[in-house]
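2 protein chains.
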Amino acid sequence: MPETVAGPDLQPRLQAWRGRADAALERALFSLRHGEPRLLAAMRYAVLPGGKRIRPLLVYASGHAFGAADDVLDAPAAAVELIHAYSLVHDDLPAMDDDALRRGRPTLHVAFDEATAILAGDALQALAFSVLAESPVDNGRRVAMLRELAGAAGADGMCGGQARDLAATGKKRGQSHFLDREPEATRHLPPKNDSDPFSSFPPADLERLHAMKTGALLRAAVRLGAIAAGADASARMHLDRYAAALGLGFQIRDDLLDIEGDSATLGKTAGKDAAQAKATFPAVLGVEASRRRLAELDDEMTGALDALGAGSFAPLRHLGRQAIERSH
Amino acid sequence: MPETVAGPDLQPRLQAWRGRADAALERALFSLRHGEPRLLAAMRYAVLPGGKRIRPLLVYASGHAFGAADDVLDAPAAAVELIHAYSLVHDDLPAMDDDALRRGRPTLHVAFDEATAILAGDALQALAFSVLAESPVDNGRRVAMLRELAGAAGADGMCGGQARDLAATGKKRGQSHFLDREPEATRHLPPKNDSDPFSSFPPADLERLHAMKTGALLRAAVRLGAIAAGADASARMHLDRYAAALGLGFQIRDDLLDIEGDSATLGKTAGKDAAQAKATFPAVLGVEASRRRLAELDDEMTGALDALGAGSFAPLRHLGRQAIERSH
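Protein chains in written order, with the working numbering: chain A, 1 to 328; chain B, 1 to 328.
Chain A extracted, bound-state conformation:
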């Protein structure tokens, strides 16, 4: 993480928030008393030990900026990570992205089985809403957070974005996914030539797709913190601009890493997008234009946070910068 952005006191705070999020996730999973042991083990496998916890960190950073105490933010931080964890489990399934490696470990359906992976994902989604319903805030804020998260997770958000992504790939529907998978690409750069299937894919459509697929949940994380803190509508408008830029930047960086990175650093299979003929920003815009778009989004985030005036925005600034500069 760039020390130019993160002051000397920021890293310990982020680490403490990560610890709080992990503890809140543990509590949520331990609150389940009657689940089948294999299902509970699968749910734990999906959630602990975690990844970067970027979404919980955004909840804490956003809530903190508007004066919320950390213990008010634990529930929304855990809830948004439960939705994220379930989405990874389902995205990795053979009928979806068919991935065997995630965070450096076998994916859930490989470590357990497909039926358990489907059920664990379903139960993680339900658990997210259970956790949010117990937030130590008044019922008005609880309902506002539940509405926000359900909207971000559903057909108008994450699920809708994933469906658009599937529709945009070269994957032929209704056929076995094993039959139409292209052979593993030996180099990771997507083709940029006349036969490129994405040469006419409108960049605006791709941004829309990812505003839903990854952006909706990242935006929800920022908004949940602000709702828990009782931030006013004007503040939330600027936060939305910040969060939209962060979500898009996060995805463009992800696409670039798939080309530039290696599987060991990423903890997941590199070069997979090109192998699956995915519609990515490098494939649609080209690599250089994708990097320029990242710089624009960095300015957009800075402008949105500046418009919020004086406040404790250093954590949000840092997380935004990290999203577009990260190496994994």
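Hints are computed from structural coordinates only; laboratory data are not their basis.
Backbone N, C-alpha and C fix where the C-beta goes; we use that ideal spot for every residue, glycine too.
Take the hints with a grain of salt, since some may be wrong.
[Unchecked claim] Facing chain A, according to a computed beta carbon distance under 7 Å, are these residues of chain B, among others:
| no. | residue |
| --- | --- |
| 1 | L32 |
| 2 | D122 |
| 3 | L127 |
| 4 | R142 |
| 5 | V143 |
| 6 | G154 |
[As the list claims (entries may be wrong)] Chain B is nowhere near these chain A residues, computed Cβ spacing over 10 Å in every case:
| no. | residue |
| --- | --- |
| 7 | L10 |
| 8 | A16 |
| 9 | R241 |
| 10 | T302 |
| 11 | L305 |
| 12 | R317 |
[Stated by the list, open to error] Covered, in the sense of this in silico footprint (three residues per stretch, anywhere, with C-beta under 8 Å from a C-beta of chain A), are these stretches of chain B:
| no. | segment |
| --- | --- |
| 13 | 34 to 45 |
| 14 | 90 to 102 |
| 15 | 158 to 168 |
| 16 | 238 to 245 |
On the provided structure of chain A, position chain B as indicated by the hints.
Relative to chain A, chain B alone:
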């Protein structure tokens, strides 16, 4: 439906409630503005036209008994049916029950594809919570309903019961479901002999399994109506007894129908439980003992509703009787 239970004015009321539930489901689906068209079509396919709508009817009947107006009950009625619909879509998947026929039509993954079926189920679950968050009741009741439904849907409820069911069947995990499937049974009666894998399966475990798998959501339907109506804790306790008996009776009847029924009447594949070596009540208790248990549960429902005193309980009585006497 037995006319001895349903008075002459009851059928039109049930029909009107079914119409309200369908309209509320339509509104919920039409509220989605940005979803991918194929995903939205799949969600509609899963929800409309519907089945018996037993869960929405329980919401209306329960809320009505405690004085709620119908328009207060539309949101919980739709929400519980959205959870039910998503669970059917995921249960039918090849990795789960692998069923091709549902309500007399191809199952969703057959009519569309597996990826769309997974995503449509996920989005239907999220939509259930979105709908509930918009209920025209105060925020306290909204949160209570959201808590109830999320708990019933998750690992301590429906998902946990489904996981227990998978664990209890003869299905071997981690292997292709095509390899270990027994040949289609030519008769539907489960084996009752020395090699019966369920001869030592404790009936209490089976009741527990189904109290979670089907019972939790049926109980939630009854409780959502009572919460929306503001019923007091004592009333809810008796309602819980009624709902637990109804849920168990519903499942025992389902198991018996799988043996006695034919696919055309059922609208789904008959004899499937025996073919898949499922742990069912006829397999564990025997057919006659299962029928005796149904009679006990009928008495239990009657006792619970009688304990509620004078009130408009005819619809709940009728729905309980129907659950254990239905022919499909």
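Report task. Provide an ascending list of the numbers of those earlier hints which the structure does not satisfy. Result -> 16
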